[in-house]
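S.K.: Start counting the sequence shown at 1; every next residue gets the next number (my numbering).
Treat the hints as calculated values from the structure; they're not laboratory data.
Keep in mind that this is a model prediction, so the values were computed, not measured.
Some hints here could point you the wrong way.
To be verified - Capping the alpha-carbon separation at 20 Å, the derived lysine to any residue pairs in SDA-like fashion look like this:
id : residue 1 : residue 2
1  : Lys-93    : Ala-107
2  : Lys-290   : Asp-245
3  : Lys-253   : Pro-274
4  : Lys-81    : Arg-47
5  : Lys-240   : Gln-260
6  : Lys-45    : Val-63
7  : Lys-93    : Arg-59
8  : Lys-228   : Met-280
9  : Lys-290   : Ile-241
10 : Lys-52    : Ser-98
11 : Lys-300   : Gly-284
12 : Lys-93    : Glu-76
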Amino acid sequence: MVNLTGIKNIKNSFFLLSLKKRFHQEKELSFEEQQNQTLIDIGYKLRRFREKHSISLERVAIVTMIRINLLEAIEEGNLEKLPEPVYTQGLIKRYADSMGLNGEQLANLFPTEKVQETSKKSLLNLSMPQLRPHHLYFLYISIILLSVSLLPRVMSSYYILGKKPEINNYRKEKNQSDLAQASSGSTKTEEKSSGNTKTEEKSTDKITTANLEKQNKKQSLTVSVIVKEDSWVSIKIDGKIVFEDTLVQGTQKTWEAQEQLVLFAGNAGGILIPINNGQMMQLGKTGEVKEVVFTPTDTKISQSSNTKN
Numbered sequence: 001m002v003n004l005t006g007i008k009n010i011k012n013s014f015f016l017l018s019l020k021k022r023f024h025q026e027k028e029l030s031f032e033e034q035q036n037q038t039l040i041d042i043g044y045k046l047r048r049f050r051e052k053h054s055i056s057l058e059r060v061a062i063v064t065m066i067r068i069n070l071l072e073a074i075e076e077g078n079l080e081k082l083p084e085p086v087y088t089q090g091l092i093k094r095y096a097d098s099m100g101l102n103g104e105q106l107a108n109l110f111p112t113e114k115v116q117e118t119s120k121k122s123l124l125n126l127s128m129p130q131l132r133p134h135h136l137y138f139l140y141i142s143i144i145l146l147s148v149s150l151l152p153r154v155m156s157s158y159y160i161l162g163k164k165p166e167i168n169n170y171r172k173e174k175n176q177s178d179l180a181q182a183s184s185g186s187t188k189t190e191e192k193s194s195g196n197t198k199t200e201e202k203s204t205d206k207i208t209t210a211n212l213e214k215q216n217k218k219q220s221l222t223v224s225v226i227v228k229e230d231s232w233v234s235i236k237i238d239g240k241i242v243f244e245d246t247l248v249q250g251t252q253k254t255w256e257a258q259e260q261l262v263l264f265a266g267n268a269g270g271i272l273i274p275i276n277n278g279q280m281m282q283l284g285k286t287g288e289v290k291e292v293v294f295t296p297t298d299t300k301i302s303q304s305s306n307t308k309n
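Using the sequences and the accompanying hints, generate a full structural model.
M.R.: Here you go:
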């Protein structure tokens, strides 16, 4: 006896498959029809604008560097003669821009998202593998084996960590006692060293005071001159001649010496030297030649001849 129920089920399954195929075909055709209708509208606008302004296809082809048969396919809305939708969109933009229209706006009206949607779906299918029951079984077994292998390590680490605080406490107590002993010894050492330091400071103060007294005894010497009239001047500092030249009126000069400064003036009346309380003393008369010896404790003025040997 023939099983009629099985035959009905087979017929129903074939019917459902045919419906699914027709459904997918209608969806694809609806997108292609929409794409084709949009291209027809764009081509109509471009051709109408071109003919209205008496622009030939040859001229558009030269400006855009697009073949005439592709321009005709755009105007006729013939998708079969055009390349991929993305490239077709670029051709529409170049065609419209060459005539002064908004090429980007017209090109964006042409749909090209079908390829992007299918590519996204394929990527999702690749990135989301289906999990079978035997996959889950192997996953459970792996988790159990991993837990069993890690259990002894966890227990041993717990035991070691439990013992460590006792050892650390013993070490801390020992270190504290050692530190206490060391601090008591260091305190005694510091007391001794502080006594030695005070003695050293006293001796250092005595040495410093003695050095300052010696330095005060060896005071430096500073001599300043003001030129009232032009005069030839020679300066010798601590036995060395450091200056020989004619000083003009209004010049002010200052020299320093440690032991002795000798000033030789060709025109003593033109040289002024400072004395106590900021007063100035004229070295001599006009035309006189004089030599002055300055020391930290004394000043000697001696008169020379009218001409320098």
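S.K.: Against the structure, test the hints numbered earlier, and report the numbers of the ones violated in rising order.
M.R.: Nothing - there is no hint that the structure violates, so all of them hold.
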